[in-house]
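So the chains spell out like this:
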Amino acid sequence: MELALESNAFFMGVEYLAVFCCGLMGGLCAVRKNYDLIAMLITAWLTALGGGIVRDIVLGSLPPVGIADKGFVITALVSGLAVAVFHPEVDKLKWSMLTIDALSVGLFAVNGTSKAMILGMSGMTSVFLGMITALGGGLVRDMLLNDVPMFIRDKHWYAIPSAVGSVLTVFVCKGVQARVLNFNAEVALDVSIVVLVVVMRLLSVKFNITMPGAMVRHEV
Amino acid sequence: MELALESNAFFMGVEYLAVFCCGLMGGLCAVRKNYDLIAMLITAWLTALGGGIVRDIVLGSLPPVGIADKGFVITALVSGLAVAVFHPEVDKLKWSMLTIDALSVGLFAVNGTSKAMILGMSGMTSVFLGMITALGGGLVRDMLLNDVPMFIRDKHWYAIPSAVGSVLTVFVCKGVQARVLNFNAEVALDVSIVVLVVVMRLLSVKFNITMPGAMVRHEV
Amino acid sequence: MELALESNAFFMGVEYLAVFCCGLMGGLCAVRKNYDLIAMLITAWLTALGGGIVRDIVLGSLPPVGIADKGFVITALVSGLAVAVFHPEVDKLKWSMLTIDALSVGLFAVNGTSKAMILGMSGMTSVFLGMITALGGGLVRDMLLNDVPMFIRDKHWYAIPSAVGSVLTVFVCKGVQARVLNFNAEVALDVSIVVLVVVMRLLSVKFNITMPGAMVRHEV
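Chains as they are written, first to last, in our numbering: chain C, 42 to 261; chain U, 42 to 261; chain W, 42 to 261.
Since the hints were derived computationally from the structure, they do not count as laboratory data. Here a beta-carbon is modelled for each residue, glycine too, at the ideal position from N, C-alpha and C. Check each hint, because a few of them may be wrong.
[Unchecked claim] The list that follows gives simulated cross-link-like pairs (lysine to aspartate or glutamate, EDC-like), each with its CA atoms no further than 16 Å apart:
| id | chain 1 | residue 1 | chain 2 | residue 2 |
| --- | --- | --- | --- | --- |
| 1 | C | K74 | C | D188 |
| 2 | C | K74 | W | D188 |
| 3 | C | K247 | C | D195 |
| 4 | U | K135 | U | E227 |
| 5 | U | K74 | C | D110 |
| 6 | U | K111 | U | E130 |
| 7 | W | K215 | W | E227 |
| 8 | C | K74 | W | D195 |
| 9 | C | K111 | C | E130 |
| 10 | U | K74 | C | D188 |
| 11 | C | K135 | C | E227 |
| 12 | W | K247 | W | D195 |
| 13 | W | K74 | W | D188 |
| 14 | W | K74 | U | D195 |
| 15 | W | K74 | U | D188 |
| 16 | U | K74 | U | D110 |
| 17 | W | K74 | W | D110 |
| 18 | C | K74 | C | D110 |
[Stated by the list, open to error] Across the chosen pairs, the derived CB separations fall in these ranges:
| id | chain 1 | residue 1 | chain 2 | residue 2 | range |
| --- | --- | --- | --- | --- | --- |
| 19 | U | V257 | W | S137 | 53 to 63 Å |
| 20 | C | F51 | W | V221 | 48 to 58 Å |
| 21 | W | S137 | C | L134 | 42 to 52 Å |
[Stated by the list, open to error] Reference excerpt, derived from the structure (chain W facing chain C, CB under 10 Å, subset only):
| id | residue |
| --- | --- |
| 22 | A50 |
| 23 | L244 |
| 24 | F248 |
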């Protein structure tokens with residue numbers, strides 16, 4: 042099984058960066074609540090890799106990458122250690138962190154969806170699995186720390202870009218399976234999708250674009 | 042694999058109705074907490090189908106119906122959209138909603154138990170899986186929205202009827218496997234079990250019948 | 042598949058005792074929050090067996106022992122009933138309960154890790170699965186009752202002893218696989234690991250030994 046965005050050292054580097062930054066964000070939540078080092082390590086690990094763990098359990102692709110892949114696990118744990126020391130710096134990097142978090146959402150959505158398509162899931166199932174990969178890590182972290190999950194709390198677009206990215210990835214995968222797209226086209230499109238997810242998320246925060254809530258109806 | 046209560050259009054219609062109404066109840070929780078449309082859709086989906094997803098993961102029957110069956114997924118998502126518009130009406134339907142919620146608990150208990158028995162699980166395991174199907178959706182919703190699960194919070198009977206329904210379904214399935222019951226008898230008994238679950242739940246709410254708590258002992 | 046610490050009646054007895062006491066601790070949390078009998082039973086069951094259930098789902102070893110093994114399930118449910126009556130006594134047994142809880146953490150870590158190694162997982166994956174078995178029950182209980190998990194809240198060593206126990210168990214299993222250790226040596230070492238975990242946990246509580254938190258840095 043080969044994912045387009047894991048096909049060369051550059052993409053793998055980006056994925057490790059995404060895992061590392063997700064871990065930083067997760068560990069930072071534990072630091073803010075004054076938990077100890079173990080809590081930071083566990084929170085960093087689950088934030089970085091929890092989405093993929095849930096995806097692999099739902100796919101039946103066991104043991105999950107998030108507990109079996111030495112590189113990813115060590116990266117996640119190192120991010121937990123790093124945040125114990127560098128939390129003041131991490132805390133200041135709001136826009137950088139926001140960007141890298143959006144990058145990880147995009148990357149995890151594309152890779153999660155592609156992995157599901159390669160394992161023969163339908164398009165709809167793959168979209169769910171892509172979104173689970175993208176959003177699951179933050180969900181597990183927030184359930185652990187007793188917060189309402191960020192994709193529910195955050196009024197800005199968070200789930201929407203991951204949904205858009207996952208749906209577009211399904212079309213790319215279908216194009217590849219129909220031999221309409223070659224490998225290079227797949228890579229180019231996957232990268233574009235990740236960029237689109239990042240841009241959607243950043244624009245939403247920058248210009249305070251939010252989803253509507255329930256319709257307000259006073260006449261009833 | 043054929044579930045008795047999915048054997049004809051009427052039963053399928055009832056199941057779709059149960060999914061839809063569970064979704065309405067879930068979405069309503071998100072509306073009450075002022076979350077956005079995405080939160081409503083996710084909450085509606087997980088309330089309606091989360092129990093079955095957990096059951097399928099525990100059974101190893103992957104991918105779970107709740108992310109793979111187009112009909113159920115679309116029904117659940119439509120219920121999330123519907124509640125965004127019709128939440129004032131849904132909010133007023135207390136007894137109707139209570140009844141349909143009880144109906145879904147009964148139906149999901151019977152179908153969850155039957156599915157486990159058909160897949161060769163023991164009676165005890167099937168009871169657990171039936172109860173997980175019946176109660177899991179509300180559990181996932183409440184964990185997501187940071188509430189204590191309803192089957193713990195609600196003093197009225199909620200888990201008890203699902204347990205009774207699941208246990209009775211095991212006996213029906215054993216009767217079918219032993220060729221003591223034919224298909225029509227199975228359908229009739231399954232329907233009776235669903236009705237029993239609904240009646241138990243409604244009587245408990247109506248007459249404020251509750252389970253005892255811990256024994257109060259002042260002498261210690 | 043044979044686990045060293047399930048190889049004779051004495052070890053099985055210890056495991057049942059651990060399940061029973063975990064169940065008591067879980068049920069007690071429900072009693073303290075004034076929930077009803079059903080909540081006590083569910084909390085007792087999930088505290089006692091939830092860690093193993095999560096481990097078996099992650100391992101793909103289905104159906105999980107925690108819903109399929111009559112002996113363990115009945116033990117867990119009986120502990121839930123027992124705590125409804127004997128909660129004042131259980132509440133007073135602080136150090137006894139702490140010791141038996143530590144015993145269950147040690148035992149579940151060793152058995153969880155061994156089970157994963159026997160099923161062919163790598164050492165790192167087995168450590169995760171051992172820790173999940175040891176800590177998962179309390180995690181599920183605390184998520185259910187809307188608390189921050191004990192291994193995050195409790196400043197004393199809780200996750201650390203389970204990690205040490207799991208890592209040491211991996212070495213023992215590797216010794217057995219390399220035929221350096223015979224069965225009796227494995228049993229002796231496994232027992233020593235459990236004792237070590239208990240001692241680490243108790244010393245940490247007794248002498249208030251805690252993990253450091255994030256580094257405090259005022260210069261930034």
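Which constraints among the numbered hints does this structure fail? Numbers only, ascending. 4, 5, 6, 9, 11, 16, 17, 18, 19, 20, 22, 23, 24
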